[in-house]
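Both chains are given apart, each in its own frame, so use the hints to dock them into the complex.
Chains as they are written, first to last, in full-length UniProt numbering: chain A, 1 to 305; chain B, 1 to 448.
Keep in mind the hints are simulated off the structure, nothing from the lab. These numbers come from a predicted model, not from an experiment. Accuracy of the hints is not assured; some may be wrong.
As the list claims (entries may be wrong) - Reference excerpt, derived from the structure (chain A facing chain B, CB under 7 Å, subset only):
{"#": "1", "residue": "V35"}
{"#": "2", "residue": "D130"}
{"#": "3", "residue": "P208"}
{"#": "4", "residue": "K211"}
{"#": "5", "residue": "P240"}
{"#": "6", "residue": "N242"}
Ideal Cβ placement from N, Cα and C applies to all residues, glycine included.
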Amino acid sequence: MKKFYSNKLAIVLFAFPALLVFTVMVFYPIVQAFVKSFYEWNGLGSGTFIGFDNYTKLFGDTVFKLSNKNALIFALVITVFQMTLASIFALVVSNKKVKGRNFLRVAYFIPVVLSVTVVCQLWLAILNADTGLLNAIFKALGINYEQNWLSDRHHAIYVIAFVNAWQWMGYQFALMMAGIKSIPNDYYEAARIDGASTLQAHSKVTIPLLKETYKICLTISLTGGVKAFTEMFIMTKGGPGNATYTLTYLMYKAAFREYRYGYGMASASILVIQCLVIILVINWLFRDKEDRRESRWSKKTGQVK
Amino acid sequence: MKRIMAFAMSIILCLFMFIGCSSKTEDETTPDTTSPSETTTESATETLPEGVLSNEEATLSIYAQYSDDDTKVPYDYAVEQLKTAYPNVTLNLEVQAQDDGQKLMTYAATGNLPDIYQVALAQIENFKQSGNIMVLNDVAEATGFKDKVFESAQNILYNEDGNIYAFPYAGNEYVMWYYNKAIFEKYNVEVPKTFDELLTAIDTFNSNGITPMAIFGSEGWITSAMFDVLATRWDAGGIAKLDNGEGSATEDAYVNAAKMMNTLVKAGMFQGSAPTTNYDQASQMFLNGEAAMFLNGQWYMTDATTALGQDVDWMYYPSYDEASYEAGKTAWSGGGAAAGYAVNPDSKHAQLAAEVAAFLSEKYCEAKVMYRGTPLVALDVDVEPQTEFPAMMQKLQADLPGITSITKFDWHLSNATFKTALEDQTKYLLVKDYTPEEVIKELDNSLN
Chain A
1 MKKFYSNKLA
11 IVLFAFPALL
21 VFTVMVFYPI
31 VQAFVKSFYE
41 WNGLGSGTFI
51 GFDNYTKLFG
61 DTVFKLSNKN
71 ALIFALVITV
81 FQMTLASIFA
91 LVVSNKKVKG
101 RNFLRVAYFI
111 PVVLSVTVVC
121 QLWLAILNAD
131 TGLLNAIFKA
141 LGINYEQNWL
151 SDRHHAIYVI
161 AFVNAWQWMG
171 YQFALMMAGI
181 KSIPNDYYEA
191 ARIDGASTLQ
201 AHSKVTIPLL
211 KETYKICLTI
221 SLTGGVKAFT
231 EMFIMTKGGP
241 GNATYTLTYL
251 MYKAAFREYR
261 YGYGMASASI
271 LVIQCLVIIL
281 VINWLFRDKE
291 DRRESRWSKK
301 TGQVK
Chain B
1 MKRIMAFAMS
11 IILCLFMFIG
21 CSSKTEDETT
31 PDTTSPSETT
41 TESATETLPE
51 GVLSNEEATL
61 SIYAQYSDDD
71 TKVPYDYAVE
81 QLKTAYPNVT
91 LNLEVQAQDD
101 GQKLMTYAAT
111 GNLPDIYQVA
121 LAQIENFKQS
131 GNIMVLNDVA
141 EATGFKDKVF
151 ESAQNILYNE
161 DGNIYAFPYA
171 GNEYVMWYYN
181 KAIFEKYNVE
191 VPKTFDELLT
201 AIDTFNSNGI
211 TPMAIFGSEG
221 WITSAMFDVL
231 ATRWDAGGIA
241 KLDNGEGSAT
251 EDAYVNAAKM
261 MNTLVKAGMF
271 QGSAPTTNYD
281 QASQMFLNGE
291 AAMFLNGQWY
301 MTDATTALGQ
311 DVDWMYYPSY
321 DEASYEAGKT
331 AWSGGGAAAG
341 YAVNPDSKHA
351 QLAAEVAAFL
361 SEKYCEAKVM
371 YRGTPLVALD
381 VDVEPQTEFP
391 AMMQKLQADL
401 PGITSITKFD
411 WHLSNATFKT
421 ALEDQTKYLL
431 VKDYTPEEVI
441 KELDNSLN
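So here's chain B without its partners, still in its complex pose (with noise of 0.2 Å):
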């Protein structure tokens, strides 16, 4: 009796193991926004739309950022111009999870990435080996797309090996040295040109209580920038010519970067908690008038602009002396890369995919130009600012013509390794008892 007792216990155990572990039957499964596609009915051929290749009826999974206004707008403003253009697809969307990329990995080791995706280079580097990536060269070609594409942005839209992996909207950006101009009067400080300039000012503003630039260190994409500003005094190639594997770590540019910044944080140019404040409280910092400059993407002057007003603006790089400072005008960091909105190759949908992720980034330019205040997309599209652009973005257009070189954001490097290593390297030397020597022995060791 024990026996039967004993057998049917574990067969009950068993059953209730595999029932728990089991998924939902399909009737009861909820849309679900990662599987590639999910509707397939050709529908008659009719005259499409021009740029419209395909009016096959499919619901789209889609993979993409979609937390502020700078991702929601674009978005909700593509999406709904798709409502006219592609009336046959619907889009499923996936908010895109701030995780390094570590969730589409997965979904690309699982072989369940979503028909389009936004990319990261680094990401398409791996996809590219292994496949999940579909070329988008004559999806390009085809739509109209190449011949959009700005002649200054050409080198966001093709990888290095010549392939089109991504359409990109966003187009060259740029590292922004923003400043009070309110504080630099009220304490009479001029905006300083040269390093020595910029030691007297730090002086001043400590000795008067305001930090003289918020940084928020927790994020190595800023401390490489600072970095990288500091090297393209020296060398325009800046952190850019180190990921191409065209120089070395311990080339003069990046070594009197390293020491630089290592004199101008010994001096106390940022606030005490540099390495661990986030971007929220020193942007709060700065436009709360606690500190007088800010190093951040040329992205934040709608939103500095409308806390600061005319109060808040930005300045060149300081150099070494007034000769490179004047000469380092038109040497810039920031930059763009060929990255994008990408496709999933093993779609059911994969060329009309191609064609939607086309379109959503040719959308996304419109609407950045004509709701986010910024001219600085990939794409030339015929559209009108529905505001003026803030009077320091028309000032940084003015000088977009005469840049002469950029470099890369930290996203933007495909070297994974270098990219960790300078991020880990640059936040030490937010603190003041880590040697400029050990920076770029760890970055040069980075790059063998």
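Pulled out of the complex, with its shape left as it was, chain A reads as follows (with noise of 0.2 Å):
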């Protein structure tokens, strides 16, 4: 095995095929993106360059700054109620004396094999202001609470993240039923040997040991969240006004709505980048203790182990 690993002709050949499909469809479009950022181009012929004029109209663009502070909220909405309750459902289900686990583990996941689009036409008729299931229920139940949920201005950006959070949650919620049922047993014997309780055991046990299967849930969900489309395309078309754009959405409005494409591919570019800083800043936050302990001894010694 060592020695075919030693052939870099082989390699070569093997990577070949997934990287020209990755360099074609993945790389390519990233580096026209950044390139086309600095053209004023309305997605026909070649453009004129401009520089930086298209980064300079955006970041004084109040919608660019709604927008990211509407990712902000999607991403963290999203992220707390995905992992904290697929969290908490994955430990009960994972616990053998809990009944009707195989019903809750189909019906925790129905959401995520759903069509996005049936979702929220689920949500839309749900969420109606006037006749809507949820207000409704206030109404019926004589708690004086009935909203327009989507057609607030300050609070409709949650409304979205929610839907968007109650139909993943599924997906994280399967992620870490995996990384528990790859937990060795004997790790829980030996707690229980020693006296933990069922709760001691997950604290001490189950979440250090998923702490892989986090990093990637976290990553998931913040980028998903940064990146959200859809929902809001299909629930309130960015509105009421513009008050659920993303950079996303920005970047739609920008390229196939008004023809400005350059100005779209800087919305895009910002875009990629902030993904990417947030991948890098979870792969630090994620360290293994080996690697930290390696950092700082490659910065006393200037040497690598």
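See the structure below:
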């Protein structure tokens, strides 16, 4: 096997198809987006080079600021909601004493397999200010809390984030279930012998060993939140006004509604950078103790171990 | 041995990948509606019918709306007529996607534009710069299309630069303020002439559980139309004036319009879920008698009459006082634009495609008059409607000669940035806690 890995030609040949697809379908478009962000371009022809003008305009655009704020809110809401609930549900369902575990496992995952459009239409019906189920429940209970859920300029983004969180919580739940199942039973037996309660066993064994799973979940929900688009496109069309815009929606508006592709590409470039920064920060936060020790060692000695 | 295996597997993987990515061979390919044209055989020269300039045989690809009766009936009629006038031409229809023109843009960017395509004004401006649209001046002259255009519709034939880029079929259209006469009578509400009377009517309807006006606020064009209707009460130029770069959003007319719309929203003129209500939902509210008023184009008259019979009518737009109400009866929101059937200049049969486009537009006009109950078409066509026009249309027809000014529908605006801002900001006006000042500021930004 060692000999096989030392064969550079084989490595190149095996990696080539995947690399080619990645380069053509992912890397080249990203580079093109960065390049075109320096152009005034209507999507046709070659455009005019305008340097950083698109970025200057973008940073002065009030909608850009609003979009970033919304993306942050969206990302935080779905991260907190999904990771908290997914963790609790996964820990509960993994307990063999809990009755109806199989049913719960399927029930939590059902929204994931539904189409986003179906989910959005479902919630549009529930959240309708005039005929929606939610307001009808409040009315029936005599609680004076009827709201224009999706028409409130300050709160609509939270409602849309909730819809996304509701749908994709099951995905994080499945990842965590898989993570929990991969933990050897011996650890729990050892904890039980040491007198640990179920709660202590989870806090000292399960959660620390799910670190890598949490890292993946956090990456998915934070980057997913920052580049959110579908829910606002279907449910509010970015509205009311532009109250539920995100950077992706801003890019869509600039490129496809205003034919300002260069400006849209500038917005897309910022989005790519934001996602990369998020991934780097998460990787840094989740570094292993060993990695940290290694980094300290190399700092002290200037050598790599 | 391992090296040979690795090499062989890599080659196989690459082969599979390329096979998977490759397109079908020509023999397997089904007729492709997106390819410019397929057959090119010159048929023998023979006497051509009047107005027909070419008898070249060809299959032309066409990208057109074909989704409801208003688009299907004219298209089917035009194709049927084409068979007689141009037996040498076969059309391959690709149904237009409702996607803000993205598919058409992609076709243009990749050099795959259909031979004939329906185009909006904002796209014409883009395509002009990139050479994706044919100048049709000569064809309009040669086919006699130009002579058939109504005098009042000359504005929708020529582009700003004086050229013809598309053969229009829709004439100038109008934003109509519909109301349910039965509901007004039931609650003893007079048709409002002034905003004060309108506010009183809103109050009466709300206290009786009737939505004063249903609006499909999920679509930006209707909120833009509402804003335009109000703005024309102070300045007949409306949003067209801003689009043409002849005014500023900070002018009194637009500030007053934003303030008035905000006042009406706060008074409860629209349903609570207005910003997310779609067309079907809003229309149903009006047709079911849940809403007393409805804003839409004149094309809605047939549907409204079918559902409500004599109970439906339209009113002149209310204004800030009775004098301006009377004066404003001749200033309308709506309009037309130099848009319609355009031709791909790189088509193998560009000249023939242009002729066919002109022919189709003319036949669309005929079909609209005969079968769709509207005389508001671009061309003066010599046909009679199959059934009498609805009473509301007859009333409008009587007013048409007196109309002194008309603005633009949102989709006819040529400044795409202003159009987007207008849609977003007027949708914002449906929200109670958004201020008119914010709307004006953003509209002004989009124009600078």
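Here's how the hints hold up against the structure:
For V35(A), the shortest C-beta to C-beta distance to chain B is roughly 16 Å, which exceeds 7 Å, and the interface hint is violated. Interface hint at D130(A): satisfied, since its Cβ lies 5 Å from the closest Cβ of chain B, which is below the 7 Å cut-off. The restraint placing P208(A) at the interface with chain B is violated, with a minimum CB-CB distance near 40 Å, outside the 7 Å limit. Hint status for K211(A): violated, given a least beta-carbon distance of 35 Å to chain B, over 7 Å.
Look at P240(A): its Cβ gets to within about 4 Å of chain B, closer than 7 Å, so that hint holds up. Residue-level restraint check for N242(A) holds (minimum Cβ-Cβ distance to chain B is 5 Å; threshold 7 Å).
Taken one by one, the earlier hints fail for this structure at numbers 1, 3, 4, listed in ascending order.
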